[in-house]
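In order, the protein sequences belong to chains Y and D.
The working numbering numbers the first residue of the first sequence as 1 and each following residue consecutively.
The working numbering numbers the first residue of the second sequence as 1 and each following residue consecutively.
The set of hints was computed from the structure by calculation and includes no laboratory data.
Each residue gets a CB set at the ideal place from its N, CA and C atoms; glycine is no exception.
One should not assume that every hint holds.
[Said to hold, decoys possible] Below, in silico cross-link-like pairs of lysine-lysine (DSS-like), each with a Cα-Cα straight-line distance of 25 Å or less:
{"#": "1", "chain 1": "D", "residue 1": "80", "chain 2": "Y", "residue 2": "382"}
{"#": "2", "chain 1": "D", "residue 1": "130", "chain 2": "Y", "residue 2": "307"}
{"#": "3", "chain 1": "D", "residue 1": "80", "chain 2": "Y", "residue 2": "377"}
[To be verified] Some residues of chain D that are not near chain Y, with every Cβ distance over 10 Å (derived):
{"#": "4", "residue": "161"}
{"#": "5", "residue": "172"}
{"#": "6", "residue": "210"}
{"#": "7", "residue": "246"}
{"#": "8", "residue": "267"}
{"#": "9", "residue": "269"}
{"#": "10", "residue": "272"}
{"#": "11", "residue": "307"}
{"#": "12", "residue": "335"}
{"#": "13", "residue": "343"}
{"#": "14", "residue": "363"}
Listed below are the residues making up each chain.
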Amino acid sequence: MPLSEPFKVFPLYKELADSYYTRLRSAKKEGKLVSWGVVLIPSEIVRAMDIEPVLGEPFGAACAAGGLAPELTAATEKYGFGRDFCSYSRNFVGAYLTNKSPIGEMPLPDLVIGCKTGCNDHIAWFETLSKMVHKPYFGIDMPVVYGDIQEYHISYVQSQLENFVRFLEEVSRRKMVEEKLVEAVTLSHKARALWTRVLEYNKKVPSPLSFRNQLSFMLPAVSLRGTKGAVDFYLALIEELEDKVKRGVAAAPREKVRILWDNIPPWYYMQLFRYLDEKGAVIVVSPYVALFGVNTPISPTLSAQGKKLLQKKEPTNFKEALREVAKDYLLSMSFENLPAKLAWYRQTVKDYNVQAALFHANLGCKNLSLNKGDVAKYLEEKLKMPVLKFEGSNADPKDFDEKGTVGKIEAFLKRVGAG
Amino acid sequence: MKKTFESLIQDRHNNLRNLKQQGRKIVGYFCSYCPEEIVYAAGLVPVRVLGGEGLYSSSSNYLYSCYCSYSHGCLNEGLKGDTDYLAGIVYAYACEHTRGVFDSWRMHIPTKYAGFLDMPAWVNTSEAVKFYTEELKGFKKGLEGALGVKVTEESLVKAIELCNRSRSLLREIYQLKKSSPPVVSGAEVFSMVLSSTVYPKDEHNKLLTRTLAGLKRRKNRVGGKRLMVLGADLHYPGIIAAIEGQGAVVVADELCTGSRYIWEDVKLGGDPWEAIACRYLGGINCPVKHPMEGRLSHIEKMLQEFAVEGVLLLDNDKCDPVEWAEPLIKQMLQKKNIPWSSVEIAGIAVKEDIPKVAEATRKLIGG
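Assemble the whole structure, with the sequences as input and the hints as a guide.
Right, here's the structure in full:
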């Protein structure tokens, strides 16, 4: 099997990431407005208003990856918060309280945005922060979608987005330019659809994209929605993946077992994934990275009519652009119920030829850990797949038992033939 | 009187099995946002799942340890078969913990009906009212189809009147705690409110009416430091009793199973569906609903109207919404020079919580 090769597009990725953080650092000096919000706010709309969005979860991940989590989470607890809610948010709040972050000083906001996309913390986090920083706040309520999609779901989200645009106009004291909104929405959807295509290359055997690559290359789909740079990057990445697949270049030197990784990774312990690659336990797919793409509506609760309502249409004006954003969000939310999750796992295991699963019982994220015990049992009992569950946290190393976890994983890898 | 209402809570499973044998269909819910009016209008009896005694066991096969004891307790109770009298379950979106219970329950516990209501988290907009009114109508259709029942305009109005009557009686009793010292203890009132969630309201209202008449004649008063408790789900009357056992009286609360459950009525007169939506969205918000101002202003009002001298924060373990709001609440209490103490509890009946609560109370009242 050919040895793995570094990606030629990596410098392009680094340039995109660096310029994003540079823009955040220099926004205020350049007279630009800065927003704070959860990762799944409609940041393409924010960008269309030429406002720089600081996104909570990626920021929290960067804090943890940068070794700042112990200090930042301690500051958050000292302020009076508990230690059970979202660990990304505990890093973010700590960054504000200490003014320490992976990009230096914490860029302060002019406005704050919440959006209930999958968990209640998404609204509480930034509503609370807006009171701490005394800045205007807007909360977007997103339906959770346990049943079918009907027109009133779309209208509900769309009408809130219209109010959201008015809020942005009021705070920024300028009007939304229709062409910019349409372009940003179109580019956002395109980038996310391309990200889904990128991930699908891992259906190939051997898989060309390591989990570490996936976690890096997801940045444009997560943090640069609405930009041309995100689209251009994914087009370049797809071109390189095509080439790698043609030549049989693999993500890891040996692919002994194909793994599904569930939940967010422990960002402070990324060496785990190098270890897994070296053992030939290759993570080919993860719902966490797939979340930021455009998945097909497979929820069994969606009728043909509901799926038709969600069908993509190229927007040409303000209302259409907001409607398309509403549809994109509702499509994501249609995966929130357990039957939809099981349908996704069932299909994914088949499509990606998954042979074993690692379930990170992530104490730091209530949404992505929801009903994962049910899913793990389903994979074990119905799909006869070996599954290892282990506790940890995405961004709080206090909840991670390194020795115990590595020991469990070692034993599991031996069991599945990658020891 | 206390024993009667407490026994309704303790013997709820037997009571509800008897009710089922009498031909009544019972539907369980995990959160106060269940629109009980619609369930009653369908001829069904809505009851709250309180979670069993002690800590969870089987539920940890499905829910990770980061979910609260209340969610584990509810799921465990269902998995053990304690609630086998339920014809179905209903869940109006509140938080991820209880949402997880709903999904695991319908997957692993045989149930004829599992109804989900997508209740907005951001509640003070006209868009939310419009959306939720549609959800309620959809909920009604689902209930009718699954359980072979019918909701008419007439039955809905009657059900609203029933639930409003229950809340009105409970509020009248609750208001007796304003007097100093009051004739009724916090533990007694808490048991009355909680038992109304596990017993048919038509019968419960009769008990309340008799009780209220008796309280108006009562001479003995309950002395002690006037405390308010804040929190979320509390299903264990022993907690309130433990607080009052330290020389306090719980004159006010802001709990899902306390004042939040009874403070607002459905306003009759216009479209009843929209009226129900407005009541649940616009009522006194639990920590899961936003904006926070609704909850904060209710707390401030209660502090004043009930002449509260100290506040005990009952923090449901691993409860994100409670944890988020806590610094703001503590800052508010500090500004008002109201002493406070906090203690983590399970919310369900866990005996180990009693000494912790007693200690936190002693710390608060300086005993």
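Hints, one by one, checked against the model:
no. : hint          : verdict
1   : D:80 / Y:382  : holds, 23 Å
2   : D:130 / Y:307 : holds, 23 Å
3   : D:80 / Y:377  : holds, 19 Å
4   : 161           : holds, 29 Å
5   : 172           : holds, 33 Å
6   : 210           : holds, 40 Å
7   : 246           : holds, 25 Å
8   : 267           : holds, 23 Å
9   : 269           : holds, 24 Å
10  : 272           : holds, 19 Å
11  : 307           : holds, 26 Å
12  : 335           : holds, 14 Å
13  : 343           : holds, 13 Å
14  : 363           : holds, 17 Å
Checked against the numbered hints given earlier, the structure satisfies every one of them.
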